[in-house]
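Residues in the sequence shown are numbered consecutively from 9, following my numbering.
If you're looking for bench data, these hints aren't it; they were derived computationally from the structure.
Watch out, some of these pointers could steer you wrong.
As the list claims (entries may be wrong) - Under the rule of at most 16 Å between Cα atoms (straight-line distance), these lysine to aspartate or glutamate pairs were calculated in the EDC-like manner:
| no. | residue 1 | residue 2 |
| --- | --- | --- |
| 1 | K88 | D66 |
| 2 | K88 | D113 |
| 3 | K88 | D67 |
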Amino acid sequence: YNQGTGSGEIGWAPIMGVGYYRNMTTWNLGPTNLGCSTQQSDVDMIARSVNGVTLRTDDVADTYDGALATNFSSNGFSVKGTIERATDRDVFRFTIGQAGRFRLDAVPFSQGSGNAGSDLDIQVQLLDAGGNPVGSYNPAPLLNSVVDTLLEAGTWYLSVEGKGNQYAPEYGSIGSYSLQGSTVPLAVLPLRTLRLEGRGAGNRHLLSWVIDADEAVRSQQLEVAGDGTNFRPLTAPGAAQRSYAYSVPGGQRRQYRLRVDFDNGRTYYSNSVLIAPSANDGRPRLLQTIVRGGSLQVQAGTETQYQLGNSSGQLLSRGTLAPGSTALQLPPLPPGTYWVRFFAAGEVYLEKFVQP
């Protein structure tokens with residue numbers, strides 16, 4: 009039985025395997041008990057007409073023309089949705105009447121803190137009124153996503169999808185989720201720049217920030233959250249201080265933001281910064297299992313040779329991947345199941361993907 013791989017929130021195993029010790033368990037596209045050359049799509053097998061089971065009707069349109077409008081109440085909104093299949097996406101539309109800070113918490117359905125038992129790794133895209141991408145949000149070690157940015161007045165769109173990660177395939181990243189959005193209007197600002205940055209160094213989180221304003225800083229407060237939502241005061245640096253080092257047991261993930269009080273009585277918050285230990289073991293892997301735009305996103309720790317083939321065992325292409333995250337361009341492929349074989353550090357790794 010497949011015991012899965014990885015740890016933390018994104019540790020994954022197939023439902024029909026041994027997933028008792030992994031947080032994320034999903035339906036799978038992979039080999040059957042008939043052998044490695046025989047592939048099975050769990051969802052397609054379950055939804056066969058002979059079983060009397062069908063996929064849920066799409067609850068939110070996947071186009072901008074059909075986007076579901078969200079209604080603000082007291083500068084906030086709450087909405088729920090479901091990603092029914094790997095190719096599904098949900099598009100929402102919202103309008104703000106005044107420039108301000110916009111925050112969105114996109115949280116998958118779970119059974120406890122830390123997204124326990126969730127089967128959905130959420131990616132959120134923020135787009136302007138013309139449908140042009142402004143930002144993409146999908147923190148690597150988490151299943152939930154957070155948007156924290158400044159927006160001009162006008163109409164904006166949110167696109168929600170289920171994504172794979174370095175352990176879990178995109179194929180089975182489906183399920184229910186909730187969106188909590190809020191906006192705080194901004195007045196004319198004496199503040200030009202308030203930017204927080206951070207990085208991990210072993211068990212220490214190193215933070216630094218930039219403040220560019222006409223007014224003098226009266227006080228600062230660095231805040232921290234373990235779950236990305238409930239921030240608490242961490243330390244109160246001196247007015248002239250612009251850096252701080254924090255020791256975290258075991259290098260655990262933390263999210264930070266900075267509150268600054270100016271001598272004109274105004275208070276501002278910086279952007280949020282997530283620092284988390286890297287879960288990358290260096291082995292080459294697909295970051296998605298559904299082809300989009302004729303390419304696949306691949307992560308490799310070293311230079312890697314690859315071979316690409318179809319379910320009949322025919323070799324279609326081969327090449328070399330550079331270290332890091334890259335787009336593997338594919339030849340024209342008819343719909344079906346395909347495999348890619350990686351050769352790195354004396355090891356061979358095989359993964360499957362689908363051309364819809």
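16 Å limit on alpha-carbon distance, applied to hinted pair K88 and D66:
Since the Cα atoms of K88 and D66 sit roughly 13 Å apart, the hinted pair holds (cutoff 16 Å).
16 Å Cα cutoff - pair K88, D67:
holds, 10 Å
Restraint status (C-alpha distance of K88 to D113 at most 16 Å):
holds, 12 Å
Violated hints are absent here; each numbered hint is respected by the structure.
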